[in-house]
Amino acid sequence: MLIKSRESWEEGEASVTPEKIYLNRRRFMKSGLMGGLAAGLAMSLPAFASDDRVLKPLNFRHTDFDPGETMTPYNAVTGYNNYYEFGTHKDDPAKNAWQLRPAPWSVKVDGMVEKKGTFGVEDLVDYAALEERIYRHRCVEAWSMVIPWVGVPLASILKKLGPESGAKYVAFETLADRKQMPGIRWPVLDWPYREGLRMDEAMNDLAFVAVGLYGKELPNQNGAPLRLVVPWKYGFKSIKSIVRIHFTDTKPKTSWNMSAPNEYGFYSNVNPEVDHPRWSQKRERRIGEFGRRKTLMFNGYGDKVASLYTGMDLRANF
Amino acid sequence: MPVTVSVPTLRRYGKPLVFVALLLPALWLAYNWWLAFQYQPNALGFNPQEASNRFTGDWTLRMLLITLAITPLSKLLKSPKPILFRRMIGLYAFFYGCLHIISYVWLDKYFAWGELWADILKRIYITVGMTAFLLLIPLAVTSTKGWVRRLKAKRWQKLHKLVYATGVLAIFHFVMMRKGFQLEPLIYGAILAGLFAARLPAAIKRRRRQAAA
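From first to last, the protein sequence lines stand for chains A and B.
Residue numbers for the first sequence follow the numbering used here, beginning at 1 and rising by one.
Residue numbers for the second sequence follow the numbering used here, beginning at 1 and rising by one.
So that you can see chain B by itself, here it is in the shape it has in the complex (with noise of 0.2 Å):
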């Protein structure tokens, strides 16, 4: 399947476009706070701070999965150009992980750094999406194309393959914070399995072409 966008056009229109589009869910909250915070009628429901910690949980995955899916997208579309979102997407990840420890640590606990230091040793499932989040912080501050070339891309391709971890451990997370057998964070569990599955033929060529070598 060819792509026909070009990637000039694709600078100029699509990345703007995608930017806008991904940053209106965090719009959408930090807008029904506001209105919160004025009490007026808003949509976060009977638990404003449940509701958030939920809602940019469940954006972090979101935006991991996609990350993750640009790599399968371009060997399925044969075209490098997905890849021209992918430091965009991930970023959003690491942002939207931001809001949701902003969520947790200033809404919800606000600022009760005891009983936070303890939740995240004490609480396995707070101490691994801790772990999935700190693991994105280097990944975030060597995205730049500076980064890149002070790293070389060999040693910066193999640092960033720490997503792959940060993937895991937030799908943990996601089933380990639920009550009861859920279907919920299987569904998440099952599309992060199915990009990796996606990445096995590749991975199995890389392996046989090393050993060859």
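So here's chain A without its partners, still in its complex pose (with noise of 0.2 Å):
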């Protein structure tokens, strides 16, 4: 039997500072940081990344999706944020999403499909297969960023599945628990987060599931492990951290068309011609830059998308 002495200055197991909290310096770090627009975008301090788990490169090839246009840097993407289950302000995603734990995490699939049953990430999604698509991305509140994503067509995935003929939608659900997400405890939305797509939306192309960005996993307020980009449309399509997938038949509610129908609707294409009730939506800000610049229609992608709404009239299907 090997009998190991200890010396003085060795550390007992119960001693050494979890990870966890050894990880939550940075966020000590980060807060005197919080750094501004000019200064944070110009020196886009990567040591400083609101990430708290350690997030794992991954593996992936480039492809064309690319704008050609100026990348928002790292520490915007993951700090300017709206995921309302961690809080309204924008910066209480960054603050409160380490307490999301993205692995295990189980995604439901249910009802017009053939595969039903429970999945893990990694059985939806193709980790051999990823790829990296450049997409520019509009909130409803018009602003705007360019996103490096990381991840695989949501065709791919919806195909796996097996969708019956007679399915005409595909709805998704977010996360919505009160142990991992602090702003479930007030009902800013009528939890969960619930959003949807037509199915020849869902399998155009474009329509993207991602598991990671800037070429490493998803940050827990991104919408980590796995989240819908639907570049074309508003961003709060763009569900995040997805645990069903719900194949139907009738147009599936949707959180924001729930909360105010008048202003949010199920398509919610991004449209210069069609002004939210409260605001115009012609002109966005770019995060990074001073002024605005025009909203294109589609946000620039109708060479890809516009076919998919051809004799439909877009003021009244908004």
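In short, the hints are calculated from the structure, not lab data.
Keep in mind that a hint or two might mislead.
[Claimed, not checked] Listed below are the simulated SDA-like cross-link pairs for lysine to any residue, each with C-alpha atoms no more than 20 Å apart in a straight line:
| hint | chain 1 | residue 1 | chain 2 | residue 2 |
| --- | --- | --- | --- | --- |
| 1 | B | 179 | A | 265 |
| 2 | B | 179 | A | 192 |
| 3 | A | 294 | B | 106 |
| 4 | B | 122 | A | 278 |
| 5 | B | 179 | A | 187 |
| 6 | B | 122 | A | 263 |
| 7 | A | 95 | B | 184 |
| 8 | A | 90 | B | 33 |
| 9 | B | 179 | A | 281 |
| 10 | B | 109 | A | 290 |
| 11 | A | 282 | B | 118 |
| 12 | B | 122 | A | 316 |
| 13 | A | 90 | B | 117 |
| 14 | B | 179 | A | 184 |
| 15 | B | 109 | A | 187 |
| 16 | A | 216 | A | 294 |
| 17 | A | 90 | B | 181 |
| 18 | A | 282 | B | 123 |
| 19 | B | 122 | A | 273 |
| 20 | A | 282 | B | 181 |
| 21 | B | 179 | A | 280 |
| 22 | B | 179 | A | 142 |
| 23 | B | 145 | B | 123 |
| 24 | B | 161 | B | 106 |
| 25 | B | 109 | A | 288 |
| 26 | B | 179 | A | 279 |
| 27 | B | 109 | A | 141 |
| 28 | B | 179 | A | 258 |
| 29 | A | 294 | B | 110 |
| 30 | A | 90 | B | 176 |
Fit chain to chain and form the complex, with the hints in mind.
Dropping the structure here:
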């Protein structure tokens, strides 16, 4: 038997700082540095990124999905978020999302689909086929970003699950766990957060499921472990931290539409011609720029998606 | 509860102190914008325009609520001394309201007058907010001793009841501006309701006296 005698300077297991707390040190340092736009963007301090988990780098291939525009710096993408389950201020998700446990994670698949059941992220997302797509992201609040996502086409997941021929829509739900999400305590919205797409929209090549950004796993505040990215629609359609995929023949209820049906339609395509009742959608502020720039129809993705809506009155179907 | 500090002391030291304290948020904002324009690290975050719209709006509301708390406070203390500060804080509400509009017109919309005018006409929450601000202008103008004399105390008091309308409209503006059902504007609303409720007994008494006379 090997008897290990401990030196006086050796620490016992119990006195080792847990990784979580050790990593929280960064939050500490960050709060003092919560930098400004100009500086933050100019210097883009990567060492102070708002991730408390160790985010693993991902293997992926590059694609032609690249608008050729300046990418929004990592600290802005991960420090300025709307994720009301973690609070309604833009810096709340970065502060609070460490409470989310993205692994193990399970997604319930039900409705008009062949493969019903509960799936892990790896069952749905083929990690050997990950690709990077740089997409414009336009929030309904009239600000925008350019973000390099890593993930797989939504169609690749849906096809794997085998929707029945009668399924016309696919609906998604976000986790709603009071223990992990402090914002759930107040009913800003009717939790859980719900979103949905028409089947042909979901099958469109642009519709994407992201598991990472900037080459690494998704930080919690950006919707870990997996989220939708629908770049021709306002950001709130790109539902985060998905726990349910439901196939149906009736138009699903969506959270913002339930909250204010006159302000947020089911389609919510980016459209500079149709104003939000409370503000104009003609121009947007690209995070990092002082002035506003013109908003593009379908967020500039008209060549790929306009055909989905031929013959539809986009003013009525906003 | 007696207020032991004398009126001259309050005038000499209290007023300058309060003046500087209430100016601090504006100085903080100006300093951070100055840093932002120098491309220096600052505390305005990733969307400085949104941040300063909200910051100036919050402080306008706070100043309004403090102004409206003065009368109930002096009743509570059974002393008229808090009234010494009412005009200054009321003018601060107007001042922060001006900053709020400057932030929106200049920093946010960058003098896009067509868009601004459309906003005021079409967006109800902006119409409401603008009305709340416009109602403060006559109050700020007539805040001087000369105007109190010219209008006579009774008419002056009547005019300055407009601040109640501004308070209510400002709260509505705040509630309507947020997305979803949010708690923060409701807290401000509850404080305003509380300040109105504190005035209720006196108002009822006045009404009765008038009815008897």
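Structure-based check of all given hints:
With a C-alpha separation of about 14 Å, the suggested pairing of residue 179 of chain B with residue 265 of chain A holds against the 20 Å cut-off. A distance of roughly 16 Å separates the Cα atoms of residue 179 of chain B and residue 192 of chain A; the hinted pair therefore holds under the 20 Å criterion. Among the hinted pairs, residue 294 of chain A with residue 106 of chain B is consistent with the structure: their alpha-carbon atoms are about 18 Å apart, no more than 20 Å. Between residue 122 of chain B and residue 278 of chain A the alpha-carbon distance is near 8 Å, which keeps this suggested pair within the 20 Å criterion.
Of the supplied pair hints, the one linking residue 179 of chain B and residue 187 of chain A holds, its CA atoms being roughly 12 Å apart against a limit of 20 Å. Distance check on the hinted pair: residue 122 of chain B and residue 263 of chain A sit about 14 Å apart at the alpha-carbon level, within 20 Å; holds. For the hint linking residue 95 of chain A to residue 184 of chain B, the alpha-carbon distance of about 18 Å falls within 20 Å, and the restraint holds. Only pairs whose Cα atoms come within 20 Å are accepted, and residue 90 of chain A paired with residue 33 of chain B is accepted, the gap being roughly 19 Å.
The hinted pair formed by residue 179 of chain B and residue 281 of chain A meets the criterion: a straight-line CA distance of about 16 Å does not exceed 20 Å. Restraint check for residue 109 of chain B and residue 290 of chain A: the C-alpha separation of about 10 Å stays at or below 20 Å, so the hint holds. Between residue 282 of chain A and residue 118 of chain B the alpha-carbon distance is near 12 Å, which keeps this suggested pair within the 20 Å criterion. For the suggested pair residue 122 of chain B and residue 316 of chain A, the alpha carbons sit about 18 Å apart, so the restraint of at most 20 Å is met.
For a cut-off of 20 Å, the pair hint linking residue 90 of chain A to residue 117 of chain B is broken: about 28 Å separates their Cα positions. With a C-alpha separation of about 15 Å, the suggested pair residue 179 of chain B and residue 184 of chain A falls inside the 20 Å cut-off, and the hint holds. Between residue 109 of chain B and residue 187 of chain A the alpha-carbon distance is near 32 Å, which puts this suggested pair outside the 20 Å criterion. Between the alpha carbons of residue 216 of chain A and residue 294 of chain A the distance comes to roughly 31 Å, so the proposed pair goes past 20 Å and is violated.
A C-alpha spacing of about 16 Å is found between residue 90 of chain A and residue 181 of chain B, which places the hinted pair at or below 20 Å, so the restraint holds. Distance restraint check for residue 282 of chain A and residue 123 of chain B: the Cα-Cα separation of roughly 14 Å lies within the 20 Å cut-off, and the hinted pair is therefore satisfied. Restraint check for residue 122 of chain B and residue 273 of chain A: satisfied, since their Cα atoms lie roughly 15 Å apart, inside the 20 Å limit. Note on residue 282 of chain A and residue 181 of chain B: the hinted pairing is violated, with a Cα-Cα distance of about 26 Å set against a maximum of 20 Å.
The hinted pair formed by residue 179 of chain B and residue 280 of chain A meets the criterion: a straight-line CA distance of about 15 Å does not exceed 20 Å. Of the supplied pair hints, the one linking residue 179 of chain B and residue 142 of chain A holds, its CA atoms being roughly 13 Å apart against a limit of 20 Å. Using a Cα cut-off of 20 Å, the hinted pair residue 145 of chain B and residue 123 of chain B is violated, with the two alpha carbons roughly 38 Å apart. A C-alpha spacing of about 31 Å is found between residue 161 of chain B and residue 106 of chain B, which places the hinted pair above 20 Å, so the restraint is violated.
For the given pair, residue 109 of chain B sits about 15 Å from residue 288 of chain A by alpha-carbon distance, which is consistent with the 20 Å threshold. Only pairs whose Cα atoms come within 20 Å are accepted, and residue 179 of chain B paired with residue 279 of chain A is accepted, the gap being roughly 12 Å. A C-alpha spacing of about 14 Å is found between residue 109 of chain B and residue 141 of chain A, which places the hinted pair at or below 20 Å, so the restraint holds. Restraint check: the Cα-Cα separation between residue 179 of chain B and residue 258 of chain A comes to about 12 Å, which is no more than 20 Å; the hinted pair holds.
Only pairs whose Cα atoms come within 20 Å are accepted, and residue 294 of chain A paired with residue 110 of chain B is accepted, the gap being roughly 14 Å. The hinted pair formed by residue 90 of chain A and residue 176 of chain B meets the criterion: a straight-line CA distance of about 18 Å does not exceed 20 Å.
Violation of the numbered hints given earlier is confined to hints 13, 15, 16, 20, 23, 24; the remaining hints are satisfied by the structure.
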